[in-house]
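Starting from the known structure of chain B, arrange chain S on it as the hints suggest.
Quick mapping for you: the protein sequence lines, in order, are chains B and S.
According to our numbering, the first sequence is numbered sequentially starting from 1.
According to our numbering, the second sequence is numbered sequentially starting from 1001.
I should point out that these hints are in silico values taken from the structure, not numbers from a laboratory.
Honestly, I wouldn't trust all of these hints.
[Unchecked claim] In the DSSO-like style, the derived pairs of lysine-lysine whose C-alpha atoms are separated by at most 30 Å in a straight line are:
{"no.": "1", "chain 1": "B", "residue 1": "66", "chain 2": "B", "residue 2": "271"}
{"no.": "2", "chain 1": "B", "residue 1": "196", "chain 2": "B", "residue 2": "61"}
{"no.": "3", "chain 1": "B", "residue 1": "19", "chain 2": "S", "residue 2": "1200"}
{"no.": "4", "chain 1": "S", "residue 1": "1297", "chain 2": "B", "residue 2": "196"}
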Amino acid sequence: MSSTMTAASTGRRMGIQGKWPVLILFLPPALLLFTLFVILPMGEAAWYSFYDWNGYGLPEKFIGFKNFETLWRTSAFTTALGNNFLIILVSILIQLPLALWLATMVSNRIPGAVVFRLIFFMPYVLADVAAGLIWRFVYDGDYGLFAAIASMFNVASPYVLADRHLAIYAVLAVIVWKYFGFHMMLFIAGLQNIDKSYYEAAEIDGASRWQRFRNITLPLLAPTIRLSVFFSVVGSLQLFDMIMPLTGGGPSNSTQTMVTFLYSYGITRMKVGFGSAIGVVLFIICVTLAFGYRRIFMRHD
Amino acid sequence: MTDRTLAPPSTSTSTTRAPRTAPAVPARRASAFSEHRMSFLTWLYLYASLFLVAAVVLLPLITTALGGFKTLGDLRVHPFGLPGEWQWANYTDILLSARYWQMLGNSFLIATLTVALTLAVAAMAAFTFAHVTFFGSAFLLNYFLIGLMFPVATAILPLFIRIRDLGLLDTYWGVVLPQVAFGLGMSILLFRRFFQNVPKELFDAAFVDGCGYLGYFWHITLPLSRPILATVGIVAFVGSWNSYLLPLILLNSDAKYPWPLGIMVYQGEYASSWQLILAFITLTILPTIIVFFAAQKHIVAGLTAGAVKG
Chain B
1 MSSTMTAAST GRRMGIQGKW PVLILFLPPA LLLFTLFVIL PMGEAAWYSF
51 YDWNGYGLPE KFIGFKNFET LWRTSAFTTA LGNNFLIILV SILIQLPLAL
101 WLATMVSNRI PGAVVFRLIF FMPYVLADVA AGLIWRFVYD GDYGLFAAIA
151 SMFNVASPYV LADRHLAIYA VLAVIVWKYF GFHMMLFIAG LQNIDKSYYE
201 AAEIDGASRW QRFRNITLPL LAPTIRLSVF FSVVGSLQLF DMIMPLTGGG
251 PSNSTQTMVT FLYSYGITRM KVGFGSAIGV VLFIICVTLA FGYRRIFMRH
301 D
Chain S
1001 MTDRTLAPPS TSTSTTRAPR TAPAVPARRA SAFSEHRMSF LTWLYLYASL
1051 FLVAAVVLLP LITTALGGFK TLGDLRVHPF GLPGEWQWAN YTDILLSARY
1101 WQMLGNSFLI ATLTVALTLA VAAMAAFTFA HVTFFGSAFL LNYFLIGLMF
1151 PVATAILPLF IRIRDLGLLD TYWGVVLPQV AFGLGMSILL FRRFFQNVPK
1201 ELFDAAFVDG CGYLGYFWHI TLPLSRPILA TVGIVAFVGS WNSYLLPLIL
1251 LNSDAKYPWP LGIMVYQGEY ASSWQLILAF ITLTILPTII VFFAAQKHIV
1301 AGLTAGAVKG
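Just chain B, same shape as in the assembly (with noise of 0.2 Å):
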């Protein structure tokens, strides 16, 4: 005990002399990286976005809220803020579910479940744009599986992603099917840490399979299913590479979603003040949701 404590104070006493050389050498490349590339950008965007500027000079115009006025009366954007909405909604509604099902199957061992999961998680590995082109091509109406589907049944070929009613539900089902893998790996995860005992005691009392899901699965999983939704969220406030293959936030922009919108509007046309204020108001709900979501939900965790 005496000597681990001598040797404890001796650490401490060489680490004072020692510490400096580590904080000069080994903070500085992270600190500069972050602040250049993360920090200052971030204030840029607040401090560009009352102005109109294309990029060239100083920023000289000010506008004051000009920006965001426009933003709100561009009916592209608040299509795009509902698409990243019912995008979240499916995820919670239909994704989640899935993935917690197909979980539950697969954590057990039963054969063939570790091939199952490794096909399930397969897509999220690929890139989103890879997983844009594959769809745009089940989607197509001239080549695609939906033309040989529906040559199958006799009727005519349906053009999905032309159709701004339908391209956004298209949209949905390529996200779903390229991330409830994930979402299904982070159940299994926490499939696996609850205590098996729960099980067999569930099983003697004769509790049927859904009362030990219903009383015994979902409560210990609750920090997993808010994990998932965060996830989510996060991921529908950031998507924007699979849209480009798919429609390009097109038809009419009835698939935009938040980012593609400030590629469209803000990045493709050099309006960089506009863009920018898209980026802070991307910015608040990201921060809004990260704050509220940790205060209600993540509590306990």
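For chain S alone, coordinates are given in the frame of chain B:
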């Protein structure tokens, strides 16, 4: 730990009680209770569901790979099923073209640089947060964690202007540096948590033997940290390999495009020659799928742990 210690008593109650309620069934081991009592109907329901979902997942992928072997006419008539005549040329033409290898090479270079820089910079910063007590340590850590709260997209325009003004537009570093910066929050968090769990005694012993912080980092922390280096490395690599938005905005010459950008350009060029596009998609996702199956344990663990622990 607790489930190990809790399990034996409950197992013994189940074996003592089971014979009373169901005498015909011999006492069985607890871990097997759910799989052996499965009725045929349950079994059918289980596997039918699993195969159905697996089919929905695999069908688009398989038709993509097979579609690449077809002629356009064949593809139009039956997109499902095997090609009437295997058009190997679709694939070999791409494999023999310089652009395919250049795209993958660009992606690989950008991803490797991103991983190397992320590991070095994040490990060093996390080490100071885990082991060195200094004024402002908690504040600085929280400063880095701000980065976890918003995606790159929020600051993309100012970032573009900054990279342009630094003269890094259309260079690999112009993509690598922001990628590393935006991954720092998560990487530092993962590293710090791992470093803190290294037993304190090692630290004390090393100092007694005259090892300074730098020596400790190099000779003890790093060799012990292979699992977390792998996790952070995988997360950074996959993120960079698949990334689209940053290269789209920060690169503008075809010769530097990583594959997600290159594939979109290719798709634009061959607009309705789906058979070529499908072959191209297949060949570009092939490396990912091969690596995924070869190192599935690490990748699944890395990607989910990276997410969960954050």
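Here is how each hint holds up against the structure:
1. For the hint pairing residue 66 (chain B) with residue 271 (chain B), the CA-to-CA distance comes to about 13 Å; that is within 30 Å, so the pair holds.
2. Pair hint residue 196 (chain B) plus residue 61 (chain B) does not hold up; C-alpha atoms about 66 Å apart against a cutoff of 30 Å.
3. Of the supplied pair hints, the one linking residue 19 (chain B) and residue 1200 (chain S) holds, its CA atoms being roughly 17 Å apart against a limit of 30 Å.
4. Between the alpha carbons of residue 1297 (chain S) and residue 196 (chain B) the distance comes to roughly 24 Å, so the proposed pair stays at or under 30 Å and holds.
Going through the hint list in order, the structure does not satisfy hint 2, though it satisfies all others.
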